[in-house]
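2 protein chains.
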Amino acid sequence: MKAIAKTLLTLTSLLFINACGADNATDYVWRKLALNNTVLLTLPHGKVVIELAPQFSPKHVAQFTELTQQGFYNGTKFYRVIDGFVAQAGPKDGSAKDKSVALLAMESAWQTDKNWSFTPIQKQDLFAQQTGFKDGFALAYQADAKAGQGKGWLTHCPGTLAMARGNEADSASSHFYFVIGQAPRYLDGIMSIFGRVVYGMQHVQAIQRTEVVEGDYAVDHRDFTKIISMQLMSDVPKAEQIHLEVENTESSQFAERVVKRRKRDNAFFYKKPPPVLDVCQIPIRTRRVK
Amino acid sequence: MKAIAKTLLTLTSLLFINACGADNATDYVWRKLALNNTVLLTLPHGKVVIELAPQFSPKHVAQFTELTQQGFYNGTKFYRVIDGFVAQAGPKDGSAKDKSVALLAMESAWQTDKNWSFTPIQKQDLFAQQTGFKDGFALAYQADAKAGQGKGWLTHCPGTLAMARGNEADSASSHFYFVIGQAPRYLDGIMSIFGRVVYGMQHVQAIQRTEVVEGDYAVDHRDFTKIISMQLMSDVPKAEQIHLEVENTESSQFAERVVKRRKRDNAFFYKKPPPVLDVCQIPIRTRRVK
Chain A
1 MKAIAKTLLT LTSLLFINAC GADNATDYVW RKLALNNTVL LTLPHGKVVI ELAPQFSPKH
61 VAQFTELTQQ GFYNGTKFYR VIDGFVAQAG PKDGSAKDKS VALLAMESAW QTDKNWSFTP
121 IQKQDLFAQQ TGFKDGFALA YQADAKAGQG KGWLTHCPGT LAMARGNEAD SASSHFYFVI
181 GQAPRYLDGI MSIFGRVVYG MQHVQAIQRT EVVEGDYAVD HRDFTKIISM QLMSDVPKAE
241 QIHLEVENTE SSQFAERVVK RRKRDNAFFY KKPPPVLDVC QIPIRTRRVK
Chain B
291 MKAIAKTLLT LTSLLFINAC GADNATDYVW RKLALNNTVL LTLPHGKVVI ELAPQFSPKH
351 VAQFTELTQQ GFYNGTKFYR VIDGFVAQAG PKDGSAKDKS VALLAMESAW QTDKNWSFTP
411 IQKQDLFAQQ TGFKDGFALA YQADAKAGQG KGWLTHCPGT LAMARGNEAD SASSHFYFVI
471 GQAPRYLDGI MSIFGRVVYG MQHVQAIQRT EVVEGDYAVD HRDFTKIISM QLMSDVPKAE
531 QIHLEVENTE SSQFAERVVK RRKRDNAFFY KKPPPVLDVC QIPIRTRRVK
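Protein chains in written order, with our numbering: chain A, 1 to 290; chain B, 291 to 580.
In short, the hints are calculated from the structure, not lab data.
Do not take every clue at face value.
With beta-carbon atoms standing in for the labels, derived distance ranges [claimed, not checked]:
| # | chain 1 | residue 1 | chain 2 | residue 2 | range |
| --- | --- | --- | --- | --- | --- |
| 1 | A | Gly215 | B | Glu546 | 38 to 44 Å |
| 2 | A | Gly215 | B | Asn405 | 49 to 55 Å |
| 3 | B | Lys436 | A | Pro44 | 55 to 61 Å |
| 4 | A | Lys92 | B | Asn457 | 51 to 57 Å |
| 5 | B | Asn364 | A | Ser117 | 53 to 59 Å |
| 6 | A | Ile82 | B | Lys387 | 54 to 60 Å |
| 7 | A | Ile82 | B | Gln531 | 50 to 56 Å |
| 8 | A | Gly166 | B | Asn405 | 47 to 53 Å |
| 9 | B | Arg547 | A | Gln241 | 44 to 50 Å |
| 10 | A | Gly166 | B | Asn364 | 46 to 52 Å |
| 11 | B | Lys387 | A | Tyr217 | 35 to 41 Å |
Stretch by stretch, here's where chain A covers chain B in the computed footprint (C-beta under 8 Å, at least three residues) [said to hold, decoys possible]:
| # | region |
| --- | --- |
| 12 | 338–350 |
| 13 | 447–458 |
| 14 | 491–497 |
| 15 | 561–572 |
C-beta: ideal position from N, C-alpha, C; glycine also.
Using the sequences and the hints given, assemble the complete structure.
In C-alpha cells:
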C-alpha cells in the first residue's frame, strides 16, 4: 500500500512541475508570495505575515510600503483594539509624525470589463449580488446593465488589512486595522482594503484589547501591544525571512474544493446544511516553504 | 446642567425598579445573570464567563453543569484549536474518563407556537429564512405552513459554546468547543449549542492553536492550553465571583439599537451600506456589576 502511494506522489509531483513550467500555465495549486509584496510584522508574542494587494489598492500599498521601509511603524502601538471587531494601530493622533503623512484617495472598488474574471463563490450573499475570490482575496461583484461590465470590491473578512480614516472618504494616511472578529461587511466599499494576513493570524487575535466592558478595570496604555518591527520581507535578513505559498484561488483544484465544501458530502453531515458559502468562512491555505 | 442630569437619572432608576418589579415587565435594558446559570472558566491567561442556555438545550446544560461541579474539566486541555474556526477541549479520546460520560441526544431545534416570540434581525439571511435573538442568543427561525407555528434553532457565532460529537447525531458527551472565527453557520441545526461567552472572549481567542500550516513547526502538546478550573459561578468563593449583566435583547432599547445599526446613520458612512444585518455581527453588551 505504501509503495503505491509513493508512486502516485511522484507522478503528482511531476505533473505539478510540468504545469508550473508551461508558459500559459494557470493551473498550479500553490502560488509563491513575492518577498517585496509581503510584510513581516513582528509582535512581542509572535510573527505575522501580510500579503499586499497592489492590484486592487496601488496607492495604499505604495504608501504603506514606503512607511514600512522608513521604519515608520516600529514602536507604534495597537491603540484601538475591540474584541470581535478590529485591532487598529498607528502613531499618536495629531502628532507631528501622524501629520507628516499624505492623505490618500479612497481605493475601494474598480470597474471590470469582459476580460476580467474571478472565482465565483456565492450568488445573493447578504451584502452583495455575488461574492468570490481573486488572487486569494475575498471580493464582491455587481454586474452592470452593460453586458460584460461590472464593479468589483474587496470584502472585509477576518484577517483583512485596511487603512483607517476619518469621516471623509479620502482621509486615510497611515493608521491601519486588522479585522479580528466576525466580518464587518457593512464596511465593504467604503474603506480601502490593501492586504490580508496569510500567516500568524493567531498572533493578531492575541493583540491586547484596549476596550473593556462597562464596570471592568481599564487596560493601562503601557500594556497596549507594541509593534516591534514592520518590515518588507525582502528587507529582512535572509535567515529570518518567512517564505510562503498560498492556495491559488484561480486553480481548478480550488474550484473543486469549493464544490465539495458546498456539498458537505461526508458522514459528519447526517443532515445537509443549505448549499451556500460565506466567502469569509472559506480558509485559503498557506504553507511555509524554503 | 448637572442637577438636571441627576434628576433624570433618579427618575430613570425609579422607572427601572418599577419595571423590574412589575409582573409582566419585559422592558428592562439589562438582565442580571443568575450565578447558577453562569460558568467561570479559568485559563492560564485569563478568566472567561459563559452563560448557559437551559431553555434551549436542557439536557446538555444539565450534563455540562454536573460535569463542571464534579471538577471533570479541571486540568483537561484544548487539544483541537484551529485558527478561524474552533477551540475544542475534553478528556483524552477513548480514555476511561472519556467513556464514563453518558451520550446525549441532539438538542438543536425546537418547535414554536403562536405564544413564542423573538427579536427579529434579518429576513433571508444566507443560511436561514429569518434570524433574530432570544435571551441574548442568536437564532434562526423557519415558519411552518401552519399559521403561527415554526421551528427555531440557535446559530453558531463567535463565542458560541456547543458540544462536539462523532458522526452520529446523538454522540455528544463531554467534549465541547467555542467558535473562535467567522461564524461556521453550516453547523447550525446539527450541533447542540448550549451556551455563549459573555465575558473574556479575548482570552478564548488567545487559546494556543494546536494546528499549524504545512511546513511549520508543530506545537508541542505540553504547550496546549490547560483548563485551570471550570466552576459554576455559584460555587466560586464570593470574593472571586464575577457578577454580570447582559443587554436584554427583548427590550425596546435593544430594538432601537438594531434599527440604528441597520441605518448606519452617522457621518462616517459617507455612502450607506445595504440595510442588512448579520446576526453574528451584532455585539450583545455585557457589564460587570457588584
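- Query: Is the hinted range of 51 to 57 Å satisfied by the C-beta distance from Lys92 (chain A) to Asn457 (chain B)?
  - Reply: holds, 54 Å
- Item | Per-stretch coverage check for the region 491–497 of chain B, three Cβ contacts closer than 8 Å to chain A | holds (count 4)
- Range agreement (Cβ of Ser117 (chain A) with Cβ of Asn364 (chain B), hint 53 to 59 Å): holds, 54 Å
- Could you check the hint for me, namely that Arg547 (chain B) and Gln241 (chain A) are 44 to 50 Å apart, CB to CB? holds, 47 Å
- Task: Given that the region 338–350 of chain B was listed as covered by chain A, double-check it with a C-beta distance under 8 Å for 3 or more residues.
- Result: violated (count 0)
- Query: Is the hinted range of 49 to 55 Å satisfied by the C-beta distance from Gly215 (chain A) to Asn405 (chain B)?
  - Reply: Violated, at about 35 Å.
- Per the hint of 50 to 56 Å, is the separation of the Cβ atoms of Ile82 (chain A) and Gln531 (chain B) within bounds? violated, 26 Å
- Message: Taking beta carbons only, do three or more residues of the region 447–458 of chain B come closer than 8 Å to chain A?
- Response: Our answer is that it holds, as 5 residues pass the Cβ test (under 8 Å) against chain A, meeting three.
- For the region 561–572 of chain B, does the count of residues with a C-beta closer than 8 Å to a C-beta of chain A reach 3? holds (count 7)
- Can you let me know if the beta-carbon spacing of Gly166 (chain A) and Asn405 (chain B) is within 47 to 53 Å? For Gly166 (chain A) and Asn405 (chain B) the Cβ distance comes to about 49 Å; the hint holds.
- Task: Take the C-beta atom of Lys387 (chain B) and the C-beta atom of Tyr217 (chain A), compute their distance, and say whether it sits inside 35 to 41 Å.
- Result: Holds: the Cβ-Cβ distance is about 36 Å, inside 35 to 41 Å.
- Query: Quick one: are Lys436 (chain B) and Pro44 (chain A) within 55 to 61 Å, going by C-beta?
  - Reply: holds, 59 Å
Hints 1, 2, 6, 7, 12 from the list above are not met by this structure, while the remaining hints are.
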